[in-house]
Amino acid sequence: METIITIKSMTKHYPMGSGKFTALKDINLEFGRGEFAGLIGASGSGKTTLLNILGTLDVQSEGEVTVLDHETQNLNQKEAARLRSEKIGFIFQTYNLLPHYTVYENVEFPLLLLKKSSSEREKAIKEILDWIGLIDKKDSRPGQLSGGQCQRVAIARAMVKKPSLFLADEPTANLDAENSHNILQLMEKMNREMETSFLFATHDEKVIKYLHRKIKLFDGKVDSDETVKQAG
Amino acid sequence: MLLRMALKNFFGGGLRSLLNVFVLSLAYIGIIGMQGIGENMRRSVFESIIAEEVGGGHIRHVAYDPYDPFIEEESFAPVPDDIKELQREGVATPLLIISGIAYPQRRMQSVTLRGIEPEQEILSLPSRKLRGDFAAVPVFIGRRMQRITGLSEGDTFMVRWRDRQGAFDARQMQVASISTIYSQRLDAGNIWLPLEDLRSMMKAEDAATLLVLSPDDRIEIAPLLESEEWTFKSQDELTADLRELTMMMDIELYIFYFIFLSLALISVFDTQILSLFRRRKEMGTLMALGLTRRQLIRLFTLESALYAIFAVVAAAIYGTSILLLFQKYGISMPALDDFGIPGITDAIYPYYSPTLIPVTIVIVVAVVIIVSYIPTRKIAKLRPTDALRGKWS
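Protein sequences appear in the order of chains A and B.
If you read the first sequence in the working numbering, its first letter stands for residue 1, the second for the next number, and so on.
If you read the second sequence in the working numbering, its first letter stands for residue 1001, the second for the next number, and so on.
Just so you know, the hints here were simulated from the structure itself, not pulled from any lab data.
Idealized CB from N, CA, C, for every residue including glycine.
A few of these clues could be false.
[Unchecked claim] Calculated from the model, a selection of chain B residues having no Cβ within reach of chain A, i.e. all distances over 10 Å:
1. 1011
2. 1019
3. 1066
4. 1262
5. 1375
6. 1391
[Claimed, not checked] Okay, derived cross-link-like pairs now, PhoX-like style, lysine-lysine, Cα gap no bigger than 20 Å in a straight line:
7. A:8 to A:229
8. A:78 to B:1381
9. A:78 to B:1378
10. A:221 to A:8
11. A:229 to A:206
12. A:87 to A:116
13. A:189 to A:126
14. A:221 to A:189
15. B:1281 to B:1378
16. B:1281 to B:1008
17. A:138 to B:1008
18. A:115 to B:1008
19. A:115 to A:126
20. B:1381 to B:1281
21. B:1281 to A:137
Please work from the sequences and hints to get the whole structure.
Take a look at the structure:
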């Protein structure tokens, strides 16, 4: 399996008063293409911090992190932004859709950043909205959608540019059980059919059940790393 | 792409955007209106005072004091031959100014009698109205003088004066014309009559108090002033007090300008600050999706620039008619008229110069961009992770 993420002796500190708070300590991990993995652990264990570093939204204090052949510590702000726009799809707990945009425009946004032509955009958006079953809602605004529908739009927005890596931070925290399962099944289907890599940060049992690899963090350190054998 | 996003956010802002656009459009209209009034004041004050009184400068009798209400009999003299040459060339016109007492409507009033050549073309005064046959000495007066005296065209009244020998004399005069005289000091208390009539009344042949030079010709004066009886006052000297006056007016107008602009800018600044705090999560999301901080700064600044641009449209829609109405009917200013500011009649008609509107638009848009950029610079220090959590770094 091709390795897409390598983390070596990575530590993350935050300044706190006159001292510092260590959020992650001596992390060593690797992720391969097509993985459906999750960082699990209690609040404050460092899941989101690790996810943010892998998503180039934050930088580690020590150690090396390579994401999709880019050493994140060496990326400047512009290069990091380009990596995010081209190869990384984010899914947030609160969906983070742009409120004044329609479903179509929200999904279109990453393609505009990639300077895709109008016809390319239209084709890709219709395809993805059809795939997630929201084509009839393309002119609705986020305020007119349910939580589950919003999260599906957020997935479509992350997916439309066909990223190599999905980073999902508590994607089901605001959803009921039924919507959570629907969303997770959708993500699993994407992982299966498109070989897209998923990395979750979660403490939600509903999500954990779906994970193929569970990395447990405790007090900023890797406590366990368990691969679940998939049936069939 | 950023413009499209900015437009989207602008229209998505709804009432907030509308309010900003309205406040900014009021600023445009206020600034253009005030500057229009200022421009008119500057133009009318200078133009009318030069056209009616100053011309290209004065050659004055040394004893003449325009601020002395009781003009002395000795403040005029026969015009020397070399200066008279200017008259013949048509580049100077003489005025004889003496004080007298008029008895309009059986009332007594101190007046200044001003003798002017009916054929002169140097001063923009209705001297030609003095030509023709009249039952008495023809005179013209201004509208302020008409209000004071209650005289109408065709009315006759008595004027008394003291001649060179000190003897009092009197003559009947007839109002040939009542005209608009912009300069208050040439209007209220002034009676204009043919120069030769006044000379004959004063028994002062060829006499003049001053000669007004044509503003269009450059005349070498120094060699003409060998006589110690005459002195030259340049246009600059004669308009020095006016320049100070218009400078004061300009300062007052700039204060209004500043107030209007400040109100608009406070509104934009407030909105921008509020927007930055309210939309932190959105900023984080945009960064996560691949927007750089610089693009974010440009986006937020562009949104504010849109307020200024749409305000131009709004001001054009509802402000054009207001400004044109002001221009047509003027703004009543009887108080200013009473102050005796030269060139100001009882109403001010704003003048919108061709540069006024584009310059105002450019200034307001530029200042709005600067003011909205100041809080937006905070984004440069914003960490995406903090923004996503709705916090500032």
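Each hint, compared with the structure:
1. 1011: violated (7 Å)
2. 1019: holds (17 Å)
3. 1066: holds (68 Å)
4. 1262: Correct as stated: the minimum Cβ-Cβ distance to chain A is 30 Å, above 10 Å.
5. 1375: Holds, because the least Cβ-Cβ distance between residue 1375 of chain B and chain A comes to about 20 Å, which exceeds 10 Å.
6. 1391: holds (13 Å)
7. A:8 to A:229: violated (26 Å)
8. A:78 to B:1381: holds (14 Å)
9. A:78 to B:1378: Roughly 18 Å separates the two Cα atoms, so the pair holds.
10. A:221 to A:8: holds (13 Å)
11. A:229 to A:206: Satisfied, since the Cα-Cα distance of roughly 18 Å is no more than 20 Å.
12. A:87 to A:116: holds (15 Å)
13. A:189 to A:126: Given pair residue 189 of chain A, residue 126 of chain A holds - Cα atoms ~18 Å apart, limit 20 Å.
14. A:221 to A:189: violated (31 Å)
15. B:1281 to B:1378: holds (15 Å)
16. B:1281 to B:1008: OK: residue 1281 of chain B and residue 1008 of chain B at ~17 Å, within 20 Å.
17. A:138 to B:1008: Judged against 20 Å, a Cα distance of about 16 Å means the pair holds.
18. A:115 to B:1008: holds (18 Å)
19. A:115 to A:126: holds (17 Å)
20. B:1381 to B:1281: holds (15 Å)
21. B:1281 to A:137: This hinted pair is violated, its Cα atoms lying about 24 Å apart.
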